[in-house]
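Protein chains in written order, with the working numbering: chain A, 6 to 118; chain B, 18 to 129.
The set of hints was computed from the structure by calculation and includes no laboratory data. C-beta: ideal position from N, C-alpha, C; glycine also. Watch out, some of these pointers could steer you wrong.
If you anchor each label on the Cβ, the simulated ranges turn out as follows [as the list claims (entries may be wrong)]:
no., chain 1, residue 1, chain 2, residue 2, range
1, A, Gly67, B, Pro26, 31 to 39 Å
2, A, Leu88, B, Gly58, 34 to 42 Å
3, A, Arg114, B, Asn35, 29 to 37 Å
4, B, Val87, A, Gly63, 20 to 28 Å
5, B, Ser45, A, Gln59, 21 to 29 Å
6, A, Thr10, B, Asn70, 33 to 41 Å
7, A, Ser84, B, Asn44, 30 to 38 Å
8, B, Gln93, A, Leu100, 36 to 44 Å
9, A, Gln46, B, Glu32, 30 to 38 Å
10, B, Gln98, A, Asn82, 35 to 43 Å
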Amino acid sequence: KAGVTQTPRYLIKTRGQQVTLSCSPISGHRSVSWYQQTPGQGLQFLFEYFSETQRNKGNFPGRFSGRQFSNSRSEMNVSTLELGDSALYLCASSLGGRNTEAFFGQGTRLTVV
Amino acid sequence: GESVGLHLPTLSVQEGDNSIINCAYSNSASDYFIWYKQESGKGPQFIIDIRSNMDKRQGQRVTVLLNKTVKHLSLQIAATQPGDSAVYFCAEGDTGANNLFFGTGTRLTVIP
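Please put together the full structure from these sequences, using the hints given.
Structure follows, in structure tokens:
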């Protein structure tokens, strides 16, 4: 079956703009988590959605938001982009129960200039 | 807060040798641990996981050891191959919270 799909793969934005990234989880998976990966900070948890509800949230400012649709697809939005938001944004899907084995997509490489 | 760290940022091994990648964690409440492999340009790939009620788990060529007393996790790769070259991340989580905290990663380089 298809894996986790993230679009777009690459994105260039200017400071102050906003951006929306998309993630389609593995079929049947109801949990979608988002992570930011940078060379300096590594992989950091942004938030997790399950059945259209945000279930967990990391320590990121309110400029970072997300949502999940009834088909489990998820989007994350970053408003008022800053240079430091340049990163690889990874989405992971899982069944969402006690089995938290998460499968990652290839990520969206965001560059803010 | 939680922190997950790695003892070594880089590791070089000869092809055919065994590799050991170490990881320390600080959250006693974590009950789920995963090792991921990330190759250049790809997302992290699940390797093996272990729950806190176990201290050892084996997969194909890989073994994860968990020492809860000293909050230490290790990944052993047997007969390391060039295709094993990648960055390896340990992650800890609480199955109740369903989110993971990752270490900074160790870059494994296999020398042919």
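Which numbered hints fail: 2 and 8
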